[in-house]
Structure formats: C-alpha cells, structure tokens
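So the sequences go chain by chain: V and Z. Numbered according to our numbering, the first sequence spans residues 1 to 107. Numbered according to our numbering, the second sequence spans residues 1 to 107.
Read the hints as simulated data drawn from the structure, not as lab findings. Hints may be right or wrong, so weigh each one.
To be verified - Which chain V residues stay away from chain Z? Per the calculated CB distances, all over 10 Å, these:
#: 1; residue: Ala15
#: 2; residue: Arg20
#: 3; residue: Ser27
#: 4; residue: Thr34
#: 5; residue: Pro39
#: 6; residue: Phe40
#: 7; residue: Leu51
#: 8; residue: Arg52
#: 9; residue: Val62
#: 10; residue: Glu63
#: 11; residue: Arg69
#: 12; residue: Ala76
#: 13; residue: His79
#: 14; residue: His82
#: 15; residue: His87
#: 16; residue: Glu89
Unchecked claim - Some but not every residue of chain Z turned toward chain V, in silico, with C-beta under 8 Å:
#: 17; residue: Val53
#: 18; residue: Val62
#: 19; residue: Ala76
#: 20; residue: His82
Every residue, glycine too, gets a C-beta built ideally from N, C-alpha and C.
Chain by chain, the residues run as shown.
There are 2 protein chains.
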Amino acid sequence: MTSSHNREAVYRAIADPTRRAMLLMLSKKESSATELASPFDISQPAASQHLRVLRDAGLVTVERKGRERRYRLDPAPLHDVHNWLEHFERFWNAKLDALGNYLNRIA
Amino acid sequence: MTSSHNREAVYRAIADPTRRAMLLMLSKKESSATELASPFDISQPAASQHLRVLRDAGLVTVERKGRERRYRLDPAPLHDVHNWLEHFERFWNAKLDALGNYLNRIA
DNA sequence: TTGATATATAAGTGAACACTTATATATTGA
DNA sequence: TCAATATATAAGTGTTCACTTATATATCAA
C-alpha cells in the first residue's frame, strides 16, 4: 500500500470549485454522496462523477454503509500542493516585509 | 487597480505542469519568454499561450525590454491557494501527530 | 532597408472536461 | 416480493484545453 497517487490528479481535482467545496465539506464532517451533492445545483450523476475524481486523486476514501457511501477526507495528497507552494512563500513574505517597511517609514 | 484577479484562474493556471514549472523558474530569476520556453518540448506559440494563462491569472507581469519580454513572478494570487489549503492543515498535522505518537510508542 | 530575432495572435484539431438523461445495482422497509 | 432509496456507470453533447502551423508585429544588427 504505497499510497502512490498521481501527483497531477490532485491539481486537476482542486481546479474545480465544486470539488473544492466538497473537500471543504468533508473537512467538517464525513458525509454521504447525497449530502455532498445537496448544496449544488447539479444532477446526482454529476456529483457522483466529481466524487470519482476526488477518489482517483486519493483525496477521499469511501466506505459502504448500508445503501449509503460514507465519504471521508484524505488530505494527504494536498500536502504535495502545499509543498509546492512553499517554493513561493518567501516571495509573499518579502512583499509583506516590504509593505511593513513602507508602513514603518511613513508611520 | 484593485489587483482583482479571478480566483478561479489561479487554480486553473497551476493545474498544468508546464505552467507550474514556469512559475518555479520565475521564482529563481525573471526570464524572457524564450528562456521560459526553452526547457519544454513545445512550440513557441504553445509557450506563449501558457504565459498568457499565467498573465490572466495575475501570476506574472511582463515588461518589454528591447525585443524581449521580461517575465516576473507575482506570487500574490498563490496566496489564495495557500489560504484555502490551510483549511486542511490541521488534518495532516493530526496525521503526523498520530505517526509521531506511534513512533514514540515503538521507540 | 533588409534579414534575423523575439514574441504574440489566429485558426484549426483532437483530447479532456463538466454536464445531461437513461439505466444498472445494491439495500432497505413495507 | 416489491417499491423506494442511494449510488454508480454508460452514452451523448457542448465547451474548454493544449497543442499545432501560419502569420503578424516589433526590434535589432548588418
């Protein structure tokens, strides 16, 4: 169980606002497919397809529970994105520093 | 100049590996379009189109310099992505904590 | 001025995307 | 057993994407 997920798939998965919202919902509580679909004005299959993309990206796990599927967040793949972003962190820190300096100068 | 950039555009921009690599290049040094295109096995217009997407997302700025265009990173829009990711940070911290506990237990 | 260089835009193409309706499958409860 | 519920998959469609070649524009250098 190498937890090997396509690194590309994560970026693709979070590129869609509906899927990002679903992930946010799952960060609050695990949910059924129906619950995850309910806030969105899309058909049930459309929601199911979004959940599939999230599954393929390794961002959620599913467990059958009666006739429901309980979806649970697996945030691990998001770590890749976070790590990538860290390459840029010093830049916006620098910008904020520059702003801070400027504010100090005029204050 | 409200620096208002489409929030969606950022996620779309970083969804492509070539564009992510370009952003990484620009985090090292500002570069011309040709320099940015050179590592990739794509046509000059394809690279130019990628740069356009990055521009539209507000991730780069351009300055004409003779017959070159100097591209410079503007990491600000990435902050949105970073902020969004922070909703999940506690989860992977929790996971790492659990791992840490486990390691402590067996060590 | 003319040719080379740097870059962008236009137009076209195939693949991927997000969605739909229709249908299949499994589970529950009457 | 049968109808309702929960979900996934299949098939089709219009849009977006990443790419190509062709072309336009601006600058530089001879």
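Tested hints:
Not every beta carbon of chain Z lies more than 10 Å from that of Ala15(V), the smallest distance being close to 4 Å; the non-interface claim is violated. Not every CB of chain Z is more than 10 Å from the CB of Arg20(V) (nearest about 7 Å), against its label as outside the interface. The beta carbon of Ser27(V) sits about 6 Å from the closest Cβ of chain Z, which is not more than 10 Å, so the claim that it is off the interface is violated. Distance check on Thr34(V): its Cβ is at least 23 Å (rounded) from any Cβ of chain Z, clearing the 10 Å threshold; non-interface status holds.
At roughly 16 Å, the least C-beta separation between Pro39(V) and chain Z is larger than 10 Å, which holds for a residue marked as non-interface. With a least CB separation of 16 Å from chain Z, Phe40(V) remains clear of the 10 Å interface cut-off, as annotated. Consistency note on Leu51(V): stated as away from chain Z, and its beta-carbon is indeed over 10 Å from all of that chain's, at 17 Å minimum. Listed as a non-interface residue, Arg52(V) keeps its Cβ farther than 10 Å from every Cβ of chain Z; the least gap is roughly 17 Å.
Distance check for Val62(V) against chain Z: the nearest CB is about 17 Å away, which clears 10 Å, and the non-interface claim stands. Chain Z leaves Glu63(V) outside its interface by the beta-carbon criterion, the shortest separation being 17 Å against a cut-off of 10 Å. Under the 10 Å C-beta cut-off, the non-interface status given to Arg69(V) relative to chain Z holds; the minimum distance is some 20 Å. Under the 10 Å C-beta cut-off, the non-interface status given to Ala76(V) relative to chain Z is violated; the minimum distance is some 6 Å.
His79(V), annotated as away from the interface, has a beta carbon of chain Z within 10 Å; the closest lies near 6 Å. Listed as outside the interface, His82(V) is inconsistent with that label: its C-beta sits roughly 5 Å from the nearest C-beta of chain Z, within the 10 Å cut-off. For His87(V), the requirement that its beta carbon stay farther than 10 Å from each beta carbon of chain Z is not met, with the minimum near 6 Å. At the 10 Å boundary, the C-beta of Glu89(V) falls inside the reach of chain Z, the nearest C-beta of that chain being 8 Å off.
Because the beta carbon of Val53(Z) sits about 12 Å from the nearest beta carbon in chain V, more than 8 Å, this interface hint is broken. The closest approach between the C-beta of Val62(Z) and any C-beta of chain V is roughly 17 Å, which is over the 8 Å cut-off, so the hint fails. The interface hint given for Ala76(Z) is met, as the beta carbon of that residue sits about 6 Å from the closest beta carbon of chain V, less than 8 Å. Hint on His82(Z) holds. Least Cβ distance to chain V is approximately 5 Å, under the 8 Å limit.
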